[in-house]
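Asker: Protein chains in written order, with the working numbering: chain R, 1 to 135; chain W, 1001 to 1137.
Hint data in this document are derived by calculation from the structure and do not stem from the laboratory. Cβ atoms here follow ideal geometry from the backbone N, Cα and C, with glycine treated the same way. One or more hints might be untrue.
As the list claims (entries may be wrong) - Distance ranges between label pairs, derived from CB positions:
1. W:Pro1036 x R:Gly134: 16 to 22 Å
2. R:Arg111 x W:Leu1114: 21 to 27 Å
3. R:Gly11 x W:Ala1067: 40 to 46 Å
4. W:Ala1053 x R:Arg111: 35 to 41 Å
5. W:Arg1088 x R:Gly90: 22 to 28 Å
6. R:Gly134 x W:Ala1053: 18 to 24 Å
7. R:Val68 x W:Gly1071: 54 to 60 Å
8. W:Asp1013 x R:Val68: 25 to 31 Å
9. R:Gln114 x W:Lys1121: 24 to 30 Å
10. W:Arg1088 x R:Ala25: 30 to 36 Å
11. W:Ala1053 x R:Ser26: 52 to 58 Å
12. R:Val68 x W:Pro1102: 22 to 28 Å
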Amino acid sequence: MSLLNNFDVAGSAMSAQSLRLNITASNMANADTIASTPEDAYRAREPVFLALLQGQRRETVGVHMAGVVQSQAPVGVRHAPGHPLADDEGNIYSSNVNIVEEMVNMMSASRSFQNNTEVLNTSKQLLQRTLRLGE
Amino acid sequence: MKLAIDQALSLHDDALRLRAQRASVLASNIANADTPNYKARDIDFSAALRRAAGGQPVAAAGAVRLARTDGAHISGGAPSGDAELLYRNPLQPSLDGNTVDPHVEHVEFSENALRYQASLKFLGDRFRGLRNAIKGE
């Protein structure tokens, strides 16, 4: 029954989107993190989604989390000699998180999550009605 | 009088099966709304139903078939029963190669679900009719 595949597909998408939401939360939490070297500075994490063929006939396509990559954008440098974490030159290094990007990511992830819950609900209703067929 | 159950159900069982298949294809599209390089897919429902009505293997249409030069050769080609998967023509594809338009998919999914329920109702009515005929009340 192909309607049963919908549970796998929507479920994989929901877990991928919730992971994306999680990563966004980490990024926003660490937006103001300071480090004493550019290497230690927090870099924004981004999830990589991949379409994953599922089912016997390989026609339904779930979402697979291929991995998490770090943003290559330059980290922020600030001259603050009084800061306890300042290096020899008096510089501190802030994260490269872009708050606006993260907000947009958050909204997109929550919308996609909602879409998939709706698919799940509709599929469940259809299956329940199919089970009651002929009563 | 002969009564074949398949005939009594007419096309509604085929329609129901194709609607279920389409629902899972559309669910895949909605699930992959944010996946780079994913291409939205769909099936041609009316063509598939027409083929099912004609009793032909549903996957035929544009599919490439293997030549059979011996009676022992297997038929090859796509397994019958399900409709052929096509790609949607994107109106505004994204820069990352994704061609899913979430709103279009949402509308199509809702409509498909409604039509699935309609087929279900027709099928239920057929069963009720058959049962009444058997009881003879």
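Asker: For each hint, tell me whether it holds in the structure or not.
Answerer: Going down the list of hints, with the structure as the test:
Between proline 1036 of chain W and glycine 134 of chain R the CB atoms are about 45 Å apart, so this pair departs from the stated range of 16 to 22 Å. Checked against the hint of 21 to 27 Å, the pair arginine 111 of chain R and leucine 1114 of chain W passes, with Cβ atoms roughly 23 Å apart. Look at glycine 11 of chain R against alanine 1067 of chain W: about 42 Å separates their beta carbons, and that is inside 40 to 46 Å. Take alanine 1053 of chain W and arginine 111 of chain R: their Cβ atoms lie about 39 Å apart, and the range 35 to 41 Å holds.
The given range of 22 to 28 Å is broken by arginine 1088 of chain W and glycine 90 of chain R, whose C-beta atoms sit roughly 57 Å from each other. Under the hint 18 to 24 Å, the C-beta atoms of glycine 134 of chain R and alanine 1053 of chain W, about 23 Å apart, fit the expected range. A beta carbon spacing of about 55 Å between valine 68 of chain R and glycine 1071 of chain W agrees with the range 54 to 60 Å that was offered as a hint. The hint said 25 to 31 Å for the Cβ distance between aspartate 1013 of chain W and valine 68 of chain R, and at roughly 46 Å that hint is violated.
The given range of 24 to 30 Å is respected by glutamine 114 of chain R and lysine 1121 of chain W, whose C-beta atoms sit roughly 28 Å from each other. A hinted range of 30 to 36 Å holds for the C-beta pair arginine 1088 of chain W and alanine 25 of chain R, which are about 33 Å apart. In this structure, alanine 1053 of chain W and serine 26 of chain R meet the distance hint of 52 to 58 Å, their C-beta atoms being roughly 55 Å apart. Checked against the hint of 22 to 28 Å, the C-beta distance between valine 68 of chain R and proline 1102 of chain W comes to roughly 24 Å, which is consistent with it.
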